[in-house]
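Novice: For the sequence shown, my numbering gives the first residue as 193, with consecutive numbering after it.
Honestly, the hints are just simulated from the structure, not real lab data.
Each residue gets a CB set at the ideal place from its N, CA and C atoms; glycine is no exception.
A couple of the hints might just be wrong.
[Said to hold, decoys possible] Distance windows between CB atoms, simulated:
1. G196 - V261: 17 to 25 angstroms
2. E323 - T239: 26 to 34 angstroms
3. L218 - P289: 28 to 36 angstroms
4. A375 - V221: 14 to 22 angstroms
5. A316 - R264: 30 to 38 angstroms
6. V324 - V221: 17 to 25 angstroms
7. A316 - A262: 33 to 41 angstroms
8. A379 - A316: 22 to 30 angstroms
9. E328 - T273: 36 to 44 angstroms
10. M356 - D322: 32 to 40 angstroms
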Amino acid sequence: MLSGTVLLHEVAKRIILRYLRTRGFLDAVIASDMLDEAEGVDLTYTTGGRRTTVKVKADAYYGIDPAKVADRDLIYYRAETSSYGFEAIADSVTRRPGWLQRSSADELFYYRIALGQTEAEVAALMEEPDEVFFAELKVERDDLKVLPMRALQGWFDVVGDRFMSRPVLTSGRSAWHRIVPAADVEANIAGVRDLGSLFASIALR
């Protein structure tokens, strides 16, 4: 079974894919043929007559219920930070650049999502068909921002070192993320689109 940040990433991709298809992007697909991390591509869809590639970043720091934030079993329900977390160093040993610099995607789908279920419950739901997954997943809050990747990469290359860094353990490796206030990103990157909450419009009840 999947676990940790990898599991949350797969949940996010599944939700976003369904959302795109319900909005008429019927050719949207998970980029299973582009799993090389160097590509940094998770989804593709066609818009404006051209194929668009997407990097998905899932962020669980979006919870507002203090009791759930304090519940250590709810690892996908952390307190909202109003920040973006950008991986600057993918591996502290090799110093490999993070996904933000390496991604060849056209867009970054930055998906904040707070889940009111344990890791084991979420992992079990990922094994279920859509009619179960989308009926039983407890998405308490979610929000999707779409950022133009080239503009974001260029800006971050210049200013990234100014922001607080934080170690993050991902798939057994120690990475470093820069924590960037959302206001700074959205004031400096033209073309950021706020799609708001996705899950309420696609959940099965």
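Novice: Taking the hints in turn, state whether each one holds.
Specialist: Do the hints match the structure? See the list:
no.: 1; hint: G196 - V261: 17 to 25 angstroms; in the structure: holds (18 angstroms)
no.: 2; hint: E323 - T239: 26 to 34 angstroms; in the structure: holds (28 angstroms)
no.: 3; hint: L218 - P289: 28 to 36 angstroms; in the structure: holds (35 angstroms)
no.: 4; hint: A375 - V221: 14 to 22 angstroms; in the structure: violated (34 angstroms)
no.: 5; hint: A316 - R264: 30 to 38 angstroms; in the structure: violated (19 angstroms)
no.: 6; hint: V324 - V221: 17 to 25 angstroms; in the structure: holds (22 angstroms)
no.: 7; hint: A316 - A262: 33 to 41 angstroms; in the structure: violated (24 angstroms)
no.: 8; hint: A379 - A316: 22 to 30 angstroms; in the structure: violated (41 angstroms)
no.: 9; hint: E328 - T273: 36 to 44 angstroms; in the structure: violated (27 angstroms)
no.: 10; hint: M356 - D322: 32 to 40 angstroms; in the structure: holds (39 angstroms)
In terms of the numbered hints stated before, the structure departs from hints 4, 5, 7, 8, 9, listed from lowest to highest.
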